[in-house]
Amino acid sequence: MNWLNRIRMRSISVFIVQAGGCRDCALQFLMALSENNEIKGITVTGNPKHADCLLVCGCINEKSKEKITEIYEKMPAPKAVIAVGACACSGSLFRRENSGLYTVEEILPVNSWIRSCAPGTTEILEAIVRAMENVKENHYRNDEGRNDL
Amino acid sequence: MSRTWSEKQSRTLMGKLYGYKSMDYKLLLIKAAYVEDFVRLKYILEKDGFIESVDADIPENSTIPSVTEVFPEGAQMQKEITGLYPVKFTSPDTRVNFEQEQNDNLLVEWGPFHPLLQEPVFFSFLTKGDVIKKVYAETGYNYSGVEALCTGGKIPHVLDMLERISSVNGFSVGLAFLQAVEKIHDIIVPDKANYLRLILNEMSFLRANLYSLSHITKCLGLLSDNSAIFKLISLFNEATSLITDDPQLKGILTPGGINRDIENETLLQLNVILQEMVHGLSAIRQRWNDTQSIIERMSGIGKIDKSIARAMTGRAARSAGFAEDIRKLSSLPYHVLSYKIPMAYESNCFTRAMLMFDDSLLSLSLIDQAIEILPKGDVKGFNGIMSKGEVLIREPEAFGELVVYVSLDEGIVTDIKIRNSSSINFSFISHFLKEADLNEVPLVISSLDLDFSGMEK
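Chain order of the listed sequences is A and B.
Letter 91 of the first sequence, counting from 1, is numbered 91 in our numbering, and no numbers are missing.
Letter 20 of the second sequence, counting from 1, is numbered 20 in our numbering, and no numbers are missing.
Hint data in this document are derived by calculation from the structure and do not stem from the laboratory.
Just so you know, these numbers come straight off a predicted model, no measurement behind them.
We treat Cβ as the ideally placed atom computed from N, Cα and C, and that holds for glycine.
Treat the hints with care, as some may be off.
In silico PhoX-like pairs for lysine-lysine, Cα to Cα no more than 25 Å straight-line [unchecked claim]:
(1) Lys47(B) - Lys231(B)
(2) Lys65(A) - Lys79(B)
(3) Lys79(B) - Lys26(B)
(4) Lys231(B) - Lys21(B)
(5) Lys154(B) - Lys133(B)
(6) Lys79(B) - Lys8(B)
(7) Lys183(B) - Lys63(A)
(8) Lys67(A) - Lys388(B)
(9) Lys306(B) - Lys40(A)
(10) Lys63(A) - Lys88(B)
(11) Lys388(B) - Lys306(B)
(12) Lys183(B) - Lys434(B)
(13) Lys47(B) - Lys26(B)
(14) Lys134(B) - Lys67(A)
(15) Lys134(B) - Lys88(B)
(16) Lys26(B) - Lys328(B)
(17) Lys8(B) - Lys42(B)
(18) Lys79(B) - Lys128(B)
(19) Lys128(B) - Lys303(B)
(20) Lys388(B) - Lys26(B)
(21) Lys63(A) - Lys328(B)
Where chain B lies over chain A, by a calculated footprint (3+ residues, C-beta under 8 Å) [said to hold, decoys possible]:
(22) 27 to 34
(23) 40 to 50
(24) 54 to 66
(25) 90 to 97
(26) 126 to 133
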């Protein structure tokens, strides 16, 4: 199936979820796509059924948690999940005991983490490509195919 | 005091609010707090700089009349109170009505995550054909509990959190909070620090306006203009990299001033880079103004009546002919700079987009003027006296008026309430989406500059 992976790597559809928080991570991703005119292989899709990669930004609360899980289930396998920014990775300053916020890792199997606040544009693109390179259908069950930037 | 809320008390409360409304007062903020077994609601009203308040002690689990009958701009603040305190307001549940009215119409659910929405918000549209007949918008997907987390926190920690409240208005919220702290503690901010704060504040407005324009271009499908706007944003990032690594300008503010001096040469370099934007912005503005198809597409949608625009803030009000100068409210030295508030006479998507260009150009002009007359001296203020107090600050943010209420006790934040411009403007969303086509929704919403992350705290 290597040929399929090669084709998939040339055209990556990303579904971006701005779960809550300041939205700078989502803006940085849009900036990354627009700034680098040479990037043609990564596109944003509005339909989870067309997506290869789920980008989760911001703090996840009870309401967004349900919707994110719903979106993840609709995505076809093999799929990659990337936690973008400090809020998505750890809850950042907003996470305290009983604050009702979740990290992406608590609700989905994550392939890549970008921990900075706010992440750089090239870091996001690199994480997407690396996650898609390493993801395979059953990887998330065995904790393989994970990257940490 | 009585443990039940009576009809007579409702009439007295509404009578007071109607009285202020008839005197042209505007609702600034609704503040709620627990006082013994009651929930104390404080309606803070304003007219020409005079602030009045109406208090009501509501027993728990009572239902009181909705303020939206008098001040429709209070709908979102009221919704927030319902979520946090055991108080209900007598507003009809529109969602239930929707399901009853579905017979001839189609219920279209949209969101909360949609590629053309800037932030999560869930819409339910009751449509006939493609035309929207009723709108129900549900928020709460952005809620991160900032206000609750700030209560009991120390000033630097609270500042760190407030700067992260919104990517586009975080700097303004942090600045307003610091101004409250400085007012309570009697800290004198040096002149140079005030000018530098003004420059940084205008830079944050510029960034916010550029992102708003990028969303408009995306919704219009003008990909080359979208790319041109993003080039301007990368120019902005290049300019900010001379001062800080963070384009959101986080971590520069400190109580009493700013935490690092910025040399004049650096500021001049920054200004040269920023002023390069003037040509690019003016060119796109001119092209849109000369293109009939863009005018036709945008000017027919997102219209706001003057009667509604009067209660709104920011570009929504200014585009309808209300000369709202929020910079005048600020304690920053805006009064020494020369500027004219951009405004239009009919509020629609096109005029609001044109104001986005004008506001960006105005910010660039103010930055240029402030750098030219920048005074010399320290950038850190004199230590004040730790004291107790509460203060209400009104400051400009990129999209309208920002109101921050802060209560401090010996350097600890005991209460904080933030009301940004989107809390006001969002309350009217069902008015101007009514009778619009379904495919116009992203464009109309982008032209309103809603900043949900600053609103859903």
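We went through each hint and held it up to the structure:
1. Distance check on the hinted pair: Lys47(B) and Lys231(B) sit about 42 Å apart at the alpha-carbon level, beyond 25 Å; violated.
2. At roughly 21 Å between alpha-carbon atoms, Lys65(A) and Lys79(B) fall within 25 Å of each other, so this suggested pair holds.
3. With a C-alpha separation of about 18 Å, the suggested pairing of Lys79(B) with Lys26(B) holds against the 25 Å cut-off.
4. For the hint linking Lys231(B) to Lys21(B), the alpha-carbon distance of about 46 Å lies beyond 25 Å, and the restraint is violated.
5. Restraint check for Lys154(B) and Lys133(B): the C-alpha separation of about 48 Å exceeds 25 Å, so the hint is violated.
6. Distance check on the hinted pair: Lys79(B) and Lys8(B) sit about 24 Å apart at the alpha-carbon level, within 25 Å; holds.
7. This hinted pair does not check out: Lys183(B) and Lys63(A) have alpha carbons roughly 38 Å apart, beyond 25 Å.
8. A hinted pair counts as satisfied when its Cα atoms are at most 25 Å apart, and Lys67(A) with Lys388(B) does not qualify at roughly 43 Å.
9. Between Lys306(B) and Lys40(A) the CA atoms are separated by roughly 45 Å; this puts the pair beyond 25 Å, and the hint is violated.
10. As the CA atoms of Lys63(A) and Lys88(B) are separated by approximately 21 Å, the hinted pair is consistent with the 25 Å bound.
11. Our distance criterion of 25 Å between C-alpha atoms is broken by Lys388(B) and Lys306(B), whose separation comes to about 42 Å.
12. Distance hint between Lys183(B) and Lys434(B) is unfulfilled; the C-alpha atoms sit about 44 Å from each other, more than 25 Å.
13. Of the supplied pair hints, the one linking Lys47(B) and Lys26(B) holds, its CA atoms being roughly 6 Å apart against a limit of 25 Å.
14. Straight-line distance between C-alpha atoms of Lys134(B) and Lys67(A) comes to about 24 Å, which keeps the hinted pair within the 25 Å bound.
15. Our distance criterion of 25 Å between C-alpha atoms is met by Lys134(B) and Lys88(B), whose separation comes to about 23 Å.
16. Distance check on the hinted pair: Lys26(B) and Lys328(B) sit about 17 Å apart at the alpha-carbon level, within 25 Å; holds.
17. For the suggested pair Lys8(B) and Lys42(B), the alpha carbons sit about 19 Å apart, so the restraint of at most 25 Å is met.
18. Taking the CA atoms of Lys79(B) and Lys128(B), the gap is about 28 Å. The hint is violated against a cut of 25 Å.
19. Taking the CA atoms of Lys128(B) and Lys303(B), the gap is about 20 Å. The hint holds against a cut of 25 Å.
20. For the hint pairing Lys388(B) with Lys26(B), the CA-to-CA distance comes to about 28 Å; that exceeds 25 Å, so the pair is violated.
21. Among the hinted pairs, Lys63(A) with Lys328(B) is inconsistent with the structure: their alpha-carbon atoms are about 39 Å apart, more than 25 Å.
22. Interface restraint, the segment 27 to 34 of chain A with chain B: holds (4 residues with C-beta to C-beta distance below 8 Å; minimum three).
23. For the segment 40 to 50 of chain A, the proposed coverage by chain B is satisfied: 3 residues have a C-beta within less than 8 Å of a C-beta in that chain, meeting the threshold of three.
24. Requiring three or more residues with a Cβ within less than 8 Å of a Cβ of chain B, the coverage given for the segment 54 to 66 of chain A holds, as 5 such residues are present.
25. For the segment 90 to 97 of chain A, the stated coverage by chain B holds: 4 residues have a C-beta nearer than 8 Å to a C-beta of that chain, and at least 3 were required.
26. Counting residues of the segment 126 to 133 of chain A whose CB lies closer than 8 Å to any CB of chain B gives 0, so the stated coverage by that chain is violated, three being the minimum.
Hints 1, 4, 5, 7, 8, 9, 11, 12, 18, 20, 21, 26 from the list above are not met by this structure, while the remaining hints are.
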